[in-house]
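S.K.: This is what each chain is made of:
Number of protein chains: 2
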Amino acid sequence: MTAGGAASAMSGRAAVVRRPGGRSARIRAQVLEAVRELLVEQGFDALSVDAVAERAGVHRTTVYRRWRDVGGLLADVLDAAGADGWQPPDTGTLEGDLAAVNGEVEAGLTGEPVTAALIAASFRSPQAAEALQRFWDERYARCAVVVERAVARGEVPEGTRARRVVVAATAPVYQQILLLRGGADPLLARQAAAGVALAASRGLFVDERPGRRAEGGLSSFAR
Amino acid sequence: MTAGGAASAMSGRAAVVRRPGGRSARIRAQVLEAVRELLVEQGFDALSVDAVAERAGVHRTTVYRRWRDVGGLLADVLDAAGADGWQPPDTGTLEGDLAAVNGEVEAGLTGEPVTAALIAASFRSPQAAEALQRFWDERYARCAVVVERAVARGEVPEGTRARRVVVAATAPVYQQILLLRGGADPLLARQAAAGVALAASRGLFVDERPGRRAEGGLSSFAR
DNA sequence: ATCCTAACGCAACTGTTGTCGCAGTAGGGA
DNA sequence: TCCCTACTGCGACAACAGTTGCGTTAGGAT
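Going line by line, the protein sequences match chains A and B. When the first sequence is numbered by our numbering, its final residue is 223 and no position is left out of the sequence of numbers. When the second sequence is numbered by our numbering, its final residue is 446 and no position is left out of the sequence of numbers.
Worth flagging that the hints you see were computed from the coordinates, not collected in a lab. The C-beta atom is built at its ideal place from N, Cα and C for all residues, glycine as well. Relax, there's no trap hidden among the hints.
Below, a sample of chain B positions facing chain A; criterion: calculated Cβ distance under 8 Å:
| id | residue |
| --- | --- |
| 1 | P395 |
| 2 | Y397 |
| 3 | R404 |
| 4 | Q414 |
| 5 | L421 |
| 6 | L427 |
Non-contacting residues of chain B with respect to chain A, defined by C-beta distances greater than 10 Å in every case (computed):
| id | residue |
| --- | --- |
| 7 | R249 |
| 8 | R251 |
| 9 | H282 |
| 10 | T285 |
| 11 | Y287 |
| 12 | G382 |
Construct the complete structure from the given sequences, taking the supplied hints into account.
M.R.: Following this line, the structure appears as structure tokens:
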């Protein structure tokens, strides 16, 4: 759905890669490798275009011209990472699948700081924001099968909105770690998965027919 | 729980305000007002120390010395904002309360870009991150009463972890708008609230006795 | 083997960010 | 009223981010 092959992952630019083989490809590999290295070694704050260029053994202007800024670099790394063959687990129950996914999310978020760095970058660079959006859209789309399997098993009713189910189940983990910075909370992860699974089984994630509307509050919770 | 009075909201620094009346207080008011103005007028990207100083009619070095960086400025604004008298709504049911809170979250996130700016800043500045953490800790603590009321009504069992309930209910809204950047989704907000309310009523947010453990996945969902 | 040109290296330049030393100003206490 | 000193204003400075023009190199096609 997103950038397709392994060669044309260059974001933003048109699909036409003028000179795919040779120097360009070599330099791109060097630069992206330098980005990943700097990210895990020194974190996001140490990631400047200059540092990446020096590490990659490439001139500053080359990086500026091809990737524009740090966000562009991270977007390219992200597009490349999104092209893996990840598939959601299959434990036999919706609750089990959601809990397993939450475990992976928690591990990914508390492990190497790459993910946090990419999310931080998405608030600075439109390019990185778009790449992250593509990445998550595809990941959530792949997760839809856990709901489809649950429907096939008769666990949840047809018409259940798969994406909403997965978002609702995983969101508390992101919230806890990324925004609240409270560290991993495996119990929250499991309870959220169990709660969403139960709610889904009761048909709460099927859009109801009548267009009932909740009265919208005015004052803001997070002003 | 966090910074107490209206005068000593200066974050980081010790509680002793050397010269509360007069020039210092006046300059602080000017600077914070300038921050708020620039934030709503031009967004977060236009928020540099220089721009704030110029708008406030104050010298650059003054701002650098008292607030250190943009994150310090936002942290001060945030501490001041957290001292309001906000209380969660009381609709009579847990689901209604959670849905109403979610409505406010959605409104706050899609309205003035102040919130998004503060969250973005929290990824850059440790000061802003701490301030945001304080802010949310207090907000979630205040929200605990909606669960306590539900317990008193017999809607949910005793021992229900209030904070986890509120986090699980609100997280999908933050996820959808801040991270996925999908725009407001009132249906998701209501379904998440309903789902969590149902799960809580079944005792799913009570920490169970046996230390059962889910098998943690290895590969990462969000690498 | 030869040419074309996309992409790179290089250096110089501008604008911004953040720091430092020093002098001036204005609260607040004696 | 006068002094003390916390805080501010000011200018100079270093470091960094980002851009531009121009010459050079090396794929890829003929």
